[in-house]
Every structure is written in structure tokens, then in C-alpha cells.
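Chains as they are written, first to last, in this note's numbering: chain A, 1390 to 1665; chain F, 598 to 917.
All clues stand as given, with none of them false.
Here are the simulated lysine-lysine pairs, DSSO-like style, with alpha carbons at most 27 Å apart: (1) 613/F - 809/F; (2) 809/F - 667/F; (3) 767/F - 731/F; (4) 1431/A - 710/F; (5) 731/F - 1497/A; (6) 767/F - 1498/A; (7) 1497/A - 667/F; (8) 820/F - 905/F; (9) 667/F - 1498/A; (10) 1498/A - 710/F; (11) 1431/A - 731/F; (12) 731/F - 710/F; (13) 731/F - 1498/A; (14) 1497/A - 613/F.
Quick caveat, the hints were computed from the structure, so don't treat them as lab data.
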Amino acid sequence: MTTTIERTTAPVTESGLSGPPPARTFRVARHSLALARRSLIKTLRTPEQLLDVTLQPVMFVVIFVYLLGGAISGSQTVYLKYLLPAIMVQSVMFASVATGLSLNTDVKKGVFDRFRSLPIARSAPLVGSVLGDLTRFVVSIAVLLGFGYAIGFRIGTDPLSALAACLLVIFFASAITWVFVLLGVIMREPGAVQGTAFLVLFPLTFGTNMMVPTDTLPGWLQAWVKINPVSDVMDAARALLTGGPVGDTVTRSLLWSVGIIVVFAPLAVRFYRRRV
Amino acid sequence: MSLAFQAEGLVKRFGKTTALAGIDLAAEQGSVLGVLGPNGAGKTTAVRILATLLRPDSGRATVGGHDVVKDAGAVRRLIGLTGQYASVDEDLTGTQNLVLIGELLDLRRRDAKVRAAELLEWFDLTEAANRPAKTYSGGMRRRLDLAASLVGRPAVIYLDEPTTGLDPAKREDMWGVVRSLVGDGSTVLLTTQYLDEADALADEISVIDHGKVIAHGTPAQLKQIAGGQTILVRPTDPARLAEVGGILSAVAQREPESPGRGVLTVPIDDDRAFPTVVRRIEEAGIGVMELSLRLPSLDEVFFTLTGKPATADDDEKVAA
Chain A
1390 MTTTIERTTA
1400 PVTESGLSGP
1410 PPARTFRVAR
1420 HSLALARRSL
1430 IKTLRTPEQL
1440 LDVTLQPVMF
1450 VVIFVYLLGG
1460 AISGSQTVYL
1470 KYLLPAIMVQ
1480 SVMFASVATG
1490 LSLNTDVKKG
1500 VFDRFRSLPI
1510 ARSAPLVGSV
1520 LGDLTRFVVS
1530 IAVLLGFGYA
1540 IGFRIGTDPL
1550 SALAACLLVI
1560 FFASAITWVF
1570 VLLGVIMREP
1580 GAVQGTAFLV
1590 LFPLTFGTNM
1600 MVPTDTLPGW
1610 LQAWVKINPV
1620 SDVMDAARAL
1630 LTGGPVGDTV
1640 TRSLLWSVGI
1650 IVVFAPLAVR
1660 FYRRRV
Chain F
598 MSLAFQAEGL
608 VKRFGKTTAL
618 AGIDLAAEQG
628 SVLGVLGPNG
638 AGKTTAVRIL
648 ATLLRPDSGR
658 ATVGGHDVVK
668 DAGAVRRLIG
678 LTGQYASVDE
688 DLTGTQNLVL
698 IGELLDLRRR
708 DAKVRAAELL
718 EWFDLTEAAN
728 RPAKTYSGGM
738 RRRLDLAASL
748 VGRPAVIYLD
758 EPTTGLDPAK
768 REDMWGVVRS
778 LVGDGSTVLL
788 TTQYLDEADA
798 LADEISVIDH
808 GKVIAHGTPA
818 QLKQIAGGQT
828 ILVRPTDPAR
838 LAEVGGILSA
848 VAQREPESPG
858 RGVLTVPIDD
868 DRAFPTVVRR
878 IEEAGIGVME
888 LSLRLPSLDE
898 VFFTLTGKPA
908 TADDDEKVAA
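Take these sequences, add in the hints, and give me the full structure.
The following block contains the structure:
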């Protein structure tokens, strides 16, 4: 019953998009930034999303310093100096889960269909989300340092080193974000992303010298703490914020960050492309 | 004439269910192709393949001569997509939504803003331009969604059930938009469950059911498939109804029916029957309030084609 139409195919005029597309690299960067602005607007519109990155680290500091500080270091001020730079690392890592969670819900919504139907790089929506959520790290660090200052934490180095510490921690967190972006793209439910994320985060953040020096730990745990890259980042942040030998911790942190991005970012984009 | 898009033998399976069982669709440039079918017929799957969001398991499709799988980037530069569910960002304002799309389409920020304002104006959203989309009503969201798909002035526009859930007045508005898009030279693929919508907008209609095209043609051709036409007469003076009945039965060679008070209808097979009836009624000096030649509705067409009503149950899924 189907009547056939005579078929000839000719290109349709590209009426909407005049001129050749601009150079590819710049386009990906520009599209990512446009999408990063989208994430930023969303965060600003619902500031309650920032509760986890602001109150949670403050709570951790209060619990550890006042509950355990006396027992561990004999002095809460001394312990605060040891703990706070490490909590800074932990809190941005916790904050990075949210990017995976929001992507997980976003991908199912129609707006991502729209992004996929546009002539933009497949990586742009993911890169945009990661860049946009850098704000969360900045807010988290600012609140934590402010609160630390109020209860007696002092930067023992110079402002430049302190800034370097913050940037290093943010860079590492943005690398870790790609792990959660991957989870967010692979998994079907936000609950699964969250559950898996915490399974990853607990050994990574608590299995460090965050709370006590490594040499107080049993041998098997020392082995894990020493190979755990988060220990390096915590050591680097401590040295840059409170003084002491930096050693190769900064280099190691940077290398780990780059390594994590190189592995997880392409994987995330790959799975995102396949998911429809 | 050349084709704006063309799909040949598209097959798509999801696990055990076959969403598309080898479907052909095509539309000439500047025309409206209506894809008509009940829920689960495969309409959305076909649109998603043509919009490069899904890959077909077999078969091929081109838009503007570009293959939707091998040359997806080129296809994306030609198309605009409005999904069944409004795909706008709820947290962004109307303007922010449209400017974002503009920037992703490589418009300069200033140009993107101009285009956004232009579209918001056209869709009567200027007053709501700076409110987050989550505060919009359903109809406003649909309009914003359609506006978002038009930012890049696409040559081919897919409208996947654009009026589902809209009230009648809003449907008419949407129809007006579709007509003006076609007037500007765009090609439109419109999926719908509403037979009157396809009838009102489409140049050609592909009726699909269970992932297959079961009929294709102009609305008038499809109506003919469902059988002949019907003559309806309502004389001014109800007392002369019997005389009218005599004329009708003489011309049509069958007994007329009376679907309502003072009205007679009779199905006819012969094209010359209607003029003959008109002439004889005039000769008899009978005044008429209503005298028409009615085509069958597309509901009747669908029933003839599939043996069941067009509005299938919502929970009826694609046939395995």
C-alpha cells in the first residue's frame, strides 16, 4: 500500500550556519566554557547545593579537632595545624562526587538530547560540567580556611605558597572528578553513583596520614598509605600551608593528577558517546 | 524536487523488542511529512535515528545527502529537534537557554542574544524571558523548546509529538508556527497521534504501526484507501426529506441512512454521483441547508488499515 516517491538526493542549503566552522580546538574550548557557565548558573540558582561542600568539612574539623585532637596530639591547636590541610583535600574530593551525580541525572533528561543533536564535540558537555563545578571546590576551600582561621589555624608559609596549595588541591580534585564523571555516565541510578563513589572515597581519603602520621599505623596499612596518591597531595598541602619540607610531594601530586585525567577523561567521553 | 531527508529500511531493536522493522521515510524540501501512529509504533525511534541520537541496526538514512551515522556532524548542522518532552534546562531562564544553544552553534555572544530575543518575541515569551524555565507552564516550555531547536535556522526540523498534552488553543498556535516554518522553506518531520493534526499540516503522511510503514500518501489518498465518499443532505424543509431520500437512493443505488434528525447520508462510489444529486435536488426545487461531500476521517483510515482504533492503549508496547 506504500506508494513510492521518486528519490533524488541533493544537499539542503545550510541556511542557519553560514561560513565554514571555526578551528576545532578553539570550538571545543569555547563550547566547554559555554556549558561550564550553564553549570555555574545552576549552582548559583540553587545555593543549597553548596551545603555539602561547606558544612561537611567544617563538621569534620570540629569532630576531629575537639573530639580526638587532645588525645592524638595533646593540643587542639597543634592538631588543627596537622589536620586542616588534609581535610581540605578530603572535602574537595567529596565535593567532586556531585559532578558525577548531576551528570547522571542530566544525561537522562531531554536537555542532553539537545546537546547531542548539536554539532559540538561529544566531550564538551562533560568538560563543561567539570569546569563549572570548580566553583564548588573554591567555595569549599574558602569556607574551610575561613573557619580554620576563626578557631586558630594560621598559614605558616607565605601567601604565594598558600595559593599554590589551593591550586594544587583544586587541580587534583578536578582529576578525581573524572572518575565520578565516568561513574555518572556508566551507572543507571544516582544512588548507585553515590554508593560506589563513597566506596572509592573512604579508603582513598581515610587511608592516608590525614588523621595520624603514617609511622603510627600497622605495617599493611602503612603500605597502602604510602602508595595512596592522596597522601602525597595531603603532604604537599600541609607543607605549602604550614611549612616543612615539600620534597617531591608536589611533583608526585601533579603527576598523579595528570595520570588520572589521561586515563579517566577519555574513558568517560567514550562511554558517554556510547550511551544513548 | 530533491529530498531533504530519506530513510531506507531502518531497523532498530532494543533487546527482544523490535522498535523499527524496516521503515522507509522521505520528505521533499520545503514539505511536511506527517508520521502517524499510536504509542509504541516506533515514531520516536525513527526521529532519534534521523537526529543522530541513535544508530540503526540496519538500513540507512541521510539528511541533506549526509549519512546520519558516518557524517553525523554534517547532519547536526542541518537539523533542529523538538522532543516529545520539552528538553530545556529548568534552572536556566528562557534567554539563558537560547543564548547557550546559540553559543554552541558558534554564534557570537552578541548575535546569540539578538537571536534569542527574536525567538522569544516570536513565541510570545518576552515577558518570561528572564525567569527560570521551571516556572513556565507546560505550553510555555513547549514553545521555549521549539524556539531552542530553531536557534540555528535549521533546514530540517523534527517535531516529535509537539502538541501532545497541549490544550486546543495552544495546538492551533503550534500549527501556525509549523506552517510559517514551512513557509520559510524548512522541511518538517512531524510525528503525531492526532489524525486531524496530520491532516491539517502534512503534505504527505506515513502511517506506521509496529515499526513498519503500513500506508503512505497524501491525506486525500489515504482517505480514499478507507473507501468511498459520503454525500450528506439536510433539506431546509424537513417535510421534503422523503423526496430527498428518493433522489439519493436512485442515484447511489442504495438506501440512504439518517444519522440525525432531518439529515440523510449515503455512501457513493461514482465521482459523477454528487453533481447528479445536486442537479436533481435543484430540479425538484428542494431548498437545502447543508449539502456536502464528506471524505472519511483519518480515524476511519486507521481502522481500515490496522483493524483497530488509532488510539492504542498507552501500555501497549512495541510488538516483539
